[in-house]
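Work the whole structure out from these sequences, hints included.
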Amino acid sequence: MSGNRERTGNRQQGTGNGDSTDGWVAGARPATATSGIVENPFFEYLLRLADDRLVLGHRLSEWCGHAPILEEDIALANIALDLIGQASLLLKLAGEVEGKGRTEDALAYFRDAIEFRNVQLVELPNGDFAATIVRQFLFDAWDVLVLERLTATSNQALAGIAAKAFKEAKYHVRHTAEWVRMLGDGTAESHARTQRALDDLWPYTTELFLGDAIDAEAVASGSGVDVESIRPRWRQMVEQVLGEATLTVPKDGFAPRGGRTGRHTEHLGRMLADMQSLARAHPGAAW
Amino acid sequence: MVTVTDSRREEILAWLDEVKDPEVPVLSIRELGVLRDVEVSSDDVVVVMTPTYSGCPAMHAMEVDVVATLARHGVPNVRVKTVYAPAWTTDWISDEAKAKLAAYGIAPPARVEADELVPLRRRAPVACPYCHSVNTIVRSEFGSTACKAILFCNGCHQPFELFKAI
Numbered sequence: 016m017s018g019n020r021e022r023t024g025n026r027q028q029g030t031g032n033g034d035s036t037d038g039w040v041a042g043a044r045p046a047t048a049t050s051g052i053v054e055n056p057f058f059e060y061l062l063r064l065a066d067d068r069l070v071l072g073h074r075l076s077e078w079c080g081h082a083p084i085l086e087e088d089i090a091l092a093n094i095a096l097d098l099i100g101q102a103s104l105l106l107k108l109a110g111e112v113e114g115k116g117r118t119e120d121a122l123a124y125f126r127d128a129i130e131f132r133n134v135q136l137v138e139l140p141n142g143d144f145a146a147t148i149v150r151q152f153l154f155d156a157w158d159v160l161v162l163e164r165l166t167a168t169s170n171q172a173l174a175g176i177a178a179k180a181f182k183e184a185k186y187h188v189r190h191t192a193e194w195v196r197m198l199g200d201g202t203a204e205s206h207a208r209t210q211r212a213l214d215d216l217w218p219y220t221t222e223l224f225l226g227d228a229i230d231a232e233a234v235a236s237g238s239g240v241d242v243e244s245i246r247p248r249w250r251q252m253v254e255q256v257l258g259e260a261t262l263t264v265p266k267d268g269f270a271p272r273g274g275r276t277g278r279h280t281e282h283l284g285r286m287l288a289d290m291q292s293l294a295r296a297h298p299g300a301a302w
Numbered sequence: 025m026v027t028v029t030d031s032r033r034e035e036i037l038a039w040l041d042e043v044k045d046p047e048v049p050v051l052s053i054r055e056l057g058v059l060r061d062v063e064v065s066s067d068d069v070v071v072v073m074t075p076t077y078s079g080c081p082a083m084h085a086m087e088v089d090v091v092a093t094l095a096r097h098g099v100p101n102v103r104v105k106t107v108y109a110p111a112w113t114t115d116w117i118s119d120e121a122k123a124k125l126a127a128y129g130i131a132p133p134a135r136v137e138a139d140e141l142v143p144l145r146r147r148a149p150v151a152c153p154y155c156h157s158v159n160t161i162v163r164s165e166f167g168s169t170a171c172k173a174i175l176f177c178n179g180c181h182q183p184f185e186l187f188k189a190i
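Residue numbers (this note's numbering), protein chains in the order written: chain A, 16 to 302; chain E, 25 to 190.
In short, the hints are calculated from the structure, not lab data. Where a beta carbon is used, it is the ideal one built from N, C-alpha and C, also for glycine. Hints may contain errors.
[As the list claims (entries may be wrong)] Chain A is nowhere near these chain E residues, computed Cβ spacing over 12 Å in every case:
1) E35
2) A38
3) D119
4) A121
5) Y128
6) Y154
7) H156
8) E165
9) Q182
10) A189
[Unchecked claim] No more than 20 Å apart at the CA atoms, straight line, and that leaves these computed lysine to aspartate or glutamate pairs for EDC-like:
11) E:K124 / E:E47
12) E:K105 / A:E54
13) A:K115 / A:E54
14) E:K105 / E:D119
15) A:K107 / A:E54
16) E:K105 / A:E119
17) A:K107 / E:E87
18) A:K266 / A:E243
19) E:K44 / E:D89
Below, the structure is given as structure tokens:
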């Protein structure tokens, strides 16, 4: 079905053709276009939750041994460990939901970039320390709100994973908020770099709040989060910290999107080439 | 019937006190709250455990230790079952176990504060486990393991670790 026909349908809404679900149906189109028919929406939903964590966790792990101070090297590695641990639990659950015998390792190491469902924000290269911290803070502030709501989902397995991850997300955001304050309200150099990172990354945050048919189905079945509904709270939290950090909140404008349906920046493929190389060179290798 | 199973369960729980957290060797997995239950049947023994953190690398070591320890006491057919809910909390660590932590040089966790959704700042002061001064600062929210933070005592000029309350 072409995009034009879809838009025509939307314009006709209210003229009696009964199409009242245009908002999220239109948003779901790319999933069909990129990855074929979505057989199992809850599997897709879990992949989104898992892949954000896996990809961001791997990006953070790239700092190991390179962070500006030892304490921060340890901190970034710790946060990476939490995120990868959460991804592992979510991918394991996803594999069970899919029912095709794929383990968490199979899903992490033997899918290609087009099969990943993370937002583009988390796959971007680390940049300097300010960029890594700003990205992490913008994600953590979103993540803590998502996980808080997931703890109350009707799916017991997901709720259990979320309850544990929620505790972790709370100290993640506390840590990154503190760094945003220090860098923003620090020297002229740290302020300028942090503001630049914020300006560069801000457009990518829009995708965090775009719901589509997959989200709608998860919400309708009581096992998902309405991401659009958490945006005001996120905005309030982020603006508070940015204000304390003497940083300027960028204006909303052009917003890249597509990660949730497998359309990624060129950076993800390169990252996966590194992340997956060992598992692919030695399939089935174990500790 | 019930009493036989119950006493067997108590016996196994007592043996499992020998399994320590490899990263905090003064605490057993029972004191830490990682050991949740033991289910004894005529066929096997199921040890129910919950991880402290999603990515805790010590979990695997503790599971291996559980099986090895019970094997040493002649218990065959031990299975480890991992549960995630309710989520582990430092509030499960007893006061006695907290005293052991302090004696070992790790400041014990405070009670978990009423859930503030977004705790953007740390509030409660932490007492130094060596000189008990509360004139301490957080050097890093993260330490040598996921469960600890690094602090510094301005009283005795000594760095120390804090078992984070979660």
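Hint by hint, here is what the structure shows:
no., hint, in the structure
1, E35, "holds (30 Å)"
2, A38, "holds (28 Å)"
3, D119, "holds (22 Å)"
4, A121, "holds (19 Å)"
5, Y128, "holds (20 Å)"
6, Y154, "holds (20 Å)"
7, H156, "holds (24 Å)"
8, E165, "violated (5 Å)"
9, Q182, "holds (16 Å)"
10, A189, "violated (10 Å)"
11, E:K124 / E:E47, "holds (14 Å)"
12, E:K105 / A:E54, "violated (31 Å)"
13, A:K115 / A:E54, "holds (12 Å)"
14, E:K105 / E:D119, "violated (27 Å)"
15, A:K107 / A:E54, "holds (18 Å)"
16, E:K105 / A:E119, "holds (18 Å)"
17, A:K107 / E:E87, "holds (19 Å)"
18, A:K266 / A:E243, "holds (18 Å)"
19, E:K44 / E:D89, "holds (9 Å)"
Consistency with the previously given hints fails for numbers 8, 10, 12 and 14, ordered from lowest to highest.
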